[in-house]
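Residue-level listing of the chains:
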Amino acid sequence: MVFLKLKISVKRFNEKKRGEFEDFQVDVRKGATVLDALNSIQQQLDSSLAFRKNCRRGACGACAMKINGVPKLACETSVEKELKQRGEISISPLSEEKIVRDLIIDETIFWQKINSISPSLECKKNADLRVSPEQVENISKASSCNYCGICLEACKVAQTDSSYLGPAAFTLLSKLAGDPREDKARERVERAVAGGLWSCTRAFNCTEYCPKHAEPAQAIEKLRSLSIKHGVQHAGAVHAKNFCESANSTGKIDFETVAFKTLGLSKLKQKLDVLLRLLSHKKISLPRVHGIPKLASAKKLLKKAFEKK
Amino acid sequence: MPHNPKYAFFPGCLDDNVTREQYVATKKVAEKIGIKLFEFPEFSCCGSGAVRDANEFAELALNARNFAIADEKDLDIVTTCSTCLMTMSRAKARLDSDKKLKSEINEQLAEFGLLYSGKIWVKHWLWVLADEINLKPLIEKPLDKLRVAPFYGCHLLRPSKFLWKQEPDNPKTFEKLIETLGAKPIEFPEKKDCCGFHSLFANELNSLKLSGKILGGAEKRADCIVTACPHCHFMLDALQTEARKASGLNKKTLLPVIHLSQLVGLALGIPAKELGLDNNISTEKLLGKL
Numbered sequence: 046m047v048f049l050k051l052k053i054s055v056k057r058f059n060e061k062k063r064g065e066f067e068d069f070q071v072d073v074r075k076g077a078t079v080l081d082a083l084n085s086i087q088q089q090l091d092s093s094l095a096f097r098k099n100c101r102r103g104a105c106g107a108c109a110m111k112i113n114g115v116p117k118l119a120c121e122t123s124v125e126k127e128l129k130q131r132g133e134i135s136i137s138p139l140s141e142e143k144i145v146r147d148l149i150i151d152e153t154i155f156w157q158k159i160n161s162i163s164p165s166l167e168c169k170k171n172a173d174l175r176v177s178p179e180q181v182e183n184i185s186k187a188s189s190c191n192y193c194g195i196c197l198e199a200c201k202v203a204q205t206d207s208s209y210l211g212p213a214a215f216t217l218l219s220k221l222a223g224d225p226r227e228d229k230a231r232e233r234v235e236r237a238v239a240g241g242l243w244s245c246t247r248a249f250n251c252t253e254y255c256p257k258h259a260e261p262a263q264a265i266e267k268l269r270s271l272s273i274k275h276g277v278q279h280a281g282a283v284h285a286k287n288f289c290e291s292a293n294s295t296g297k298i299d300f301e302t303v304a305f306k307t308l309g310l311s312k313l314k315q316k317l318d319v320l321l322r323l324l325s326h327k328k329i330s331l332p333r334v335h336g337i338p339k340l341a342s343a344k345k346l347l348k349k350a351f352e353k354k
Numbered sequence: 005m006p007h008n009p010k011y012a013f014f015p016g017c018l019d020d021n022v023t024r025e026q027y028v029a030t031k032k033v034a035e036k037i038g039i040k041l042f043e044f045p046e047f048s049c050c051g052s053g054a055v056r057d058a059n060e061f062a063e064l065a066l067n068a069r070n071f072a073i074a075d076e077k078d079l080d081i082v083t084t085c086s087t088c089l090m091t092m093s094r095a096k097a098r099l100d101s102d103k104k105l106k107s108e109i110n111e112q113l114a115e116f117g118l119l120y121s122g123k124i125w126v127k128h129w130l131w132v133l134a135d136e137i138n139l140k141p142l143i144e145k146p147l148d149k150l151r152v153a154p155f156y157g158c159h160l161l162r163p164s165k166f167l168w169k170q171e172p173d174n175p176k177t178f179e180k181l182i183e184t185l186g187a188k189p190i191e192f193p194e195k196k197d198c199c200g201f202h203s204l205f206a207n208e209l210n211s212l213k214l215s216g217k218i219l220g221g222a223e224k225r226a227d228c229i230v231t232a233c234p235h236c237h238f239m240l241d242a243l244q245t246e247a248r249k250a251s252g253l254n255k256k257t258l259l260p261v262i263h264l265s266q267l268v269g270l271a272l273g274i275p276a277k278e279l280g281l282d283n284n285i286s287t288e289k290l291l292g293k294l
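Protein chains in written order, with the numbering used here: chain L, 46 to 354; chain Y, 5 to 294.
Incorrect hints may have been included.
Claimed, not checked - When the alpha-carbon atoms are kept at most 20 Å apart in a straight line, the in silico SDA-like pairs for lysine to any residue are as follows:
#, chain 1, residue 1, chain 2, residue 2
1, L, Lys126, Y, Asp173
2, L, Lys349, Y, Lys106
3, L, Lys327, Y, Asp282
4, L, Lys345, Y, Ser107
5, Y, Lys176, L, Gln130
6, L, Lys353, Y, Ile137
7, Y, Lys213, L, Ser207
8, L, Lys345, Y, Glu115
9, L, Lys349, Y, Gln112
10, Y, Lys249, L, Leu321
11, L, Lys353, Y, Ala114
12, L, Lys344, Y, Pro45
13, L, Lys98, L, Asn191
14, L, Lys186, Y, Lys165
15, L, Lys186, Y, Asp173
16, Y, Lys169, L, Val115
17, L, Lys316, Y, Lys255
18, L, Lys344, Y, Phe116
19, L, Lys186, Y, Ser164
20, Y, Lys176, L, Gly114
21, L, Lys348, Y, Leu119
22, L, Lys56, L, Gln89
23, L, Lys353, Y, Arg98
24, L, Lys327, Y, Thr245
25, Y, Lys289, L, Arg322
26, L, Lys257, Y, Ser164
27, L, Lys339, Y, Glu111
28, Y, Lys277, L, His326
29, L, Lys353, Y, Leu99
30, Y, Lys249, L, Leu317
31, L, Lys345, Y, Pro45
32, L, Lys344, Y, Leu105
33, L, Lys327, Y, Lys277
34, L, Lys344, Y, Asn110
35, Y, Lys255, L, Leu320
As the list claims (entries may be wrong) - Okay, the calculated bits of chain Y under chain L, using three or more residues with CB under 8 Å as the criterion:
#, segment
36, 16 to 27
37, 51 to 57
38, 161 to 171
Simulated from the structure, these hints should not be mistaken for lab results.
These numbers were taken from a predicted model, which means no experiment stands behind them.
Even for Gly, the Cβ is constructed at its ideal location relative to N, Cα and C.
Just need the whole structure built from these sequences, with the hints factored in.
If you want it as structure tokens, here you go:
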């Protein structure tokens with residue numbers, strides 16, 4: 046039964062149109078999703094409209110696209126809710142730089158990144174393969190990734206650094222490194238560090254827009270903690286350690302001291318122009334000690350946290 | 005929304021040094037509009053996510069202690085740092101949803117006469133200025149010649165599920181405030197991008213490229229960028245020369261980048277010097293426009 050007559054704008058990339066919106070009028074039933082509306086367009090109005098689809102229930106990740114500018118799965122987006130929130134529905138591809146046709150993008154880079162980490166579990170030999178509920182819980186969020194590619198397209202670091210592995214690959218590495226059956230946990234962490242683990246800027250676009258709530262940014266944080274635990278060397282790990290030392294010794298972050306310790310004298314010497322600029326605008330002063338009042342309570346809490354297993 | 009013009013002020017660690025001018029300007033603005041910002045020198049660093057990288061519980065404990073200090077005085081926390089906002093909001097969500105953890109940390113806090121009850125909220129200074137105060141009658145010098153690019157960055161918006169005010173996709177709070185000040189908010193696609201600060205020590209070049217992208221987007225139409233976080237300000241202002249170089253932008257003309265409190269202070273008629281504008285790297289072009 047027809048629920049409403051919907052106007053939907055779709056950004057087209059084909060032989061005739063290069064990025065122009067085309068409006069369609071379609072009848073949709075109550076409870077229809079954006080994918081239902083796109084299917085109606087394809088079946089009733091324009092069979093040349095190209096988009097990916099498969100499971101229709103959020104499991105496969107094929108129908109990832111931008112709906113009113115926000116990356117989402119079309120099969121999990123209600124037409125009614127979208128209209129209520131935004132008053133219109135406009136659809137565009139996840140990335141306009143990787144267009145194949147209409148809403149279909151080239152996923153080669155995404156899959157190259159996933160395949161580059163040997164994405165299957167490498168099981169310990171002759172080990173007890175039972176996994177406790179607590180161990181499952183630890184990796185359950187990371188396990189919910191459906192490889193839709195939204196996180197990679199939303200990630201600003203991946204857009205400026207092509208060598209960066211990206212949120213989905215890190216999420217998978219976090220799952221593998223945290224799986225008690227995995228034989229190469231340390232190697233997984235080393236692969237993450239080599240793939241730019243410490244280049245993540247904590248922008249949280251991946252976590253905000255992940256339709257399966259796999260929390261890629263939190264997976265990256267877990268990998269960072271593991272990398273420190275395993276002693277995998279990187280400037281990022283050194284910085285985190287110096288940051289903690291400053292919090293512990295003064296209660297606050299003494300920017301100058303942390304920067305001095307992380308960069309070291311030789312690197313700072315190469316940045317004399319920056320240092321002079323910061324000094325002349327009173328943005329830095331000589332490293333100084335400034336402990337907060339009641340520092341003992343903060344120190345004790347930190348000590349207990351680091352003793353906690 | 006409850007109106008509460010009293011807050012526990014959490015300026016964040018960067019305002020102790022590299023963005024001291026933001027602290028100065030915020031205090032001036034608060035005084036002028038009658039918001040009481042109570043200071044607690046015993047507040048520690050929020051952890052900024054970097055402490056969490058080493059140990060999640062350490063960051064939670066530091067924040068529980070800060071919350072308990074504000075809790076004792078029955079004050080919500082307001083911060084001028086988006087990273088502190090997100091870190092604190094995330095810690096609060098975790099403590100409030102995990103009774104076992106909360107009680108474990110409260111046992112430790114009890115030794116120092118502190119208790120985290122969960123009743124306090126964490127807000128950003130922008131939300132207070134835009135949503136809780138009627139600034140319009142207080143404007144002495146409307147900024148009517150100024151085209152301002154509002155830079156939201158990341159932690160003011162994301163992860164939205166932890167934040168008091170949730171507008172991850174189509175934020176409008178900054179624009180609303182800029183219009184109240186008499187200026188014109190400029191729409192630019194990079195307004196929700198990342199400045200790159202949090203990987204500056206790990207991948208400097210990429211961090212600078214991220215900042216350069218924002219500068220390149222904003223300078224097409226704006227006279228200045230306004231920031232809501234000292235981390236973003238440091239990248240876009242103090243390291244602007246390097247960001248321009250990394251992104252292939254013109255290196256000679258710097259785009260003025262000012263703090264939220266400095267912009268509001270100018271409209272309130274507070275002299276530029278009292279707002280610490282001397283400490284910003286390039287404000288000549290901006291001050292000439294006013």
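Hint check:
Restraint check for Lys126(L) and Asp173(Y): satisfied, since their Cα atoms lie roughly 15 Å apart, inside the 20 Å limit. The suggested pairing of Lys349(L) with Lys106(Y) holds, with an alpha-carbon distance near 14 Å, which does not exceed 20 Å. For the given pair, Lys327(L) sits about 9 Å from Asp282(Y) by alpha-carbon distance, which is consistent with the 20 Å threshold. Only pairs whose Cα atoms come within 20 Å are accepted, and Lys345(L) paired with Ser107(Y) is accepted, the gap being roughly 17 Å.
Proposed proximity of Lys176(Y) and Gln130(L) is supported: the alpha carbons are some 15 Å apart, at most 20 Å. The hinted pair formed by Lys353(L) and Ile137(Y) fails the criterion: a straight-line CA distance of about 44 Å is larger than 20 Å. Taken as a hint, the Lys213(Y) and Ser207(L) pair is honoured in the structure, with Cα atoms around 13 Å apart against an allowance of 20 Å. Pair hint Lys345(L) plus Glu115(Y) holds up; C-alpha atoms about 10 Å apart against a cutoff of 20 Å.
As the CA atoms of Lys349(L) and Gln112(Y) are separated by approximately 9 Å, the hinted pair is consistent with the 20 Å bound. Simply put, Lys249(Y) and Leu321(L) have alpha-carbon atoms about 18 Å apart, close enough for the 20 Å limit, and the pair holds. The straight-line distance between the Cα atoms of Lys353(L) and Ala114(Y) is roughly 18 Å, inside the 20 Å bound, and the hint therefore holds. This hinted pair checks out: Lys344(L) and Pro45(Y) have alpha carbons roughly 16 Å apart, not beyond 20 Å.
The suggested pairing of Lys98(L) with Asn191(L) holds, with an alpha-carbon distance near 13 Å, which does not exceed 20 Å. As the CA atoms of Lys186(L) and Lys165(Y) are separated by approximately 16 Å, the hinted pair is consistent with the 20 Å bound. The suggested pairing of Lys186(L) with Asp173(Y) is violated, with an alpha-carbon distance near 23 Å, which exceeds 20 Å. For the hint pairing Lys169(Y) with Val115(L), the CA-to-CA distance comes to about 18 Å; that is within 20 Å, so the pair holds.
With a C-alpha separation of about 17 Å, the suggested pairing of Lys316(L) with Lys255(Y) holds against the 20 Å cut-off. Simply put, Lys344(L) and Phe116(Y) have alpha-carbon atoms about 12 Å apart, close enough for the 20 Å limit, and the pair holds. Restraint check for Lys186(L) and Ser164(Y): satisfied, since their Cα atoms lie roughly 18 Å apart, inside the 20 Å limit. Our distance criterion of 20 Å between C-alpha atoms is met by Lys176(Y) and Gly114(L), whose separation comes to about 15 Å.
Of the supplied pair hints, the one linking Lys348(L) and Leu119(Y) holds, its CA atoms being roughly 19 Å apart against a limit of 20 Å. Restraint check: the Cα-Cα separation between Lys56(L) and Gln89(L) comes to about 18 Å, which is no more than 20 Å; the hinted pair holds. Distance restraint check for Lys353(L) and Arg98(Y): the Cα-Cα separation of roughly 17 Å lies within the 20 Å cut-off, and the hinted pair is therefore satisfied. The hinted pair formed by Lys327(L) and Thr245(Y) meets the criterion: a straight-line CA distance of about 17 Å does not exceed 20 Å.
A hinted pair counts as satisfied when its Cα atoms are at most 20 Å apart, and Lys289(Y) with Arg322(L) qualifies at roughly 18 Å. Proximity of Lys257(L) to Ser164(Y) is assessed by CA-CA distance (about 16 Å); at most 20 Å being required, the pair is judged to hold. At roughly 17 Å between alpha-carbon atoms, Lys339(L) and Glu111(Y) fall within 20 Å of each other, so this suggested pair holds. Note on Lys277(Y) and His326(L): the hinted pairing holds, with a Cα-Cα distance of about 13 Å set against a maximum of 20 Å.
Pair hint Lys353(L) plus Leu99(Y) holds up; C-alpha atoms about 16 Å apart against a cutoff of 20 Å. A threshold of 20 Å between alpha carbons decides the hint, and for Lys249(Y) with Leu317(L) the separation of about 16 Å falls inside it, so the pair holds. Among the hinted pairs, Lys345(L) with Pro45(Y) is consistent with the structure: their alpha-carbon atoms are about 18 Å apart, no more than 20 Å. A hinted pair counts as satisfied when its Cα atoms are at most 20 Å apart, and Lys344(L) with Leu105(Y) qualifies at roughly 19 Å.
A C-alpha spacing of about 14 Å is found between Lys327(L) and Lys277(Y), which places the hinted pair at or below 20 Å, so the restraint holds. Proposed proximity of Lys344(L) and Asn110(Y) is supported: the alpha carbons are some 15 Å apart, at most 20 Å. About 18 Å separates the Cα atoms of Lys255(Y) and Leu320(L), which keeps this hinted pair within 20 Å; it holds. Counting residues of the segment 16 to 27 of chain Y whose C-beta lies closer than 8 Å to any C-beta of chain L gives 7; at least three are required, and the coverage claim holds.
Evaluation of the coverage hint for the segment 51 to 57 of chain Y: fulfilled, as 7 residues show C-beta separations to chain L shorter than 8 Å, against a requirement of three. Residue count for the segment 161 to 171 of chain Y with a Cβ under 8 Å from a Cβ of chain L: 4. That meets the three needed, and the coverage hint holds.
Consistency note: the structure conflicts with the earlier hints numbered 6 and 15.
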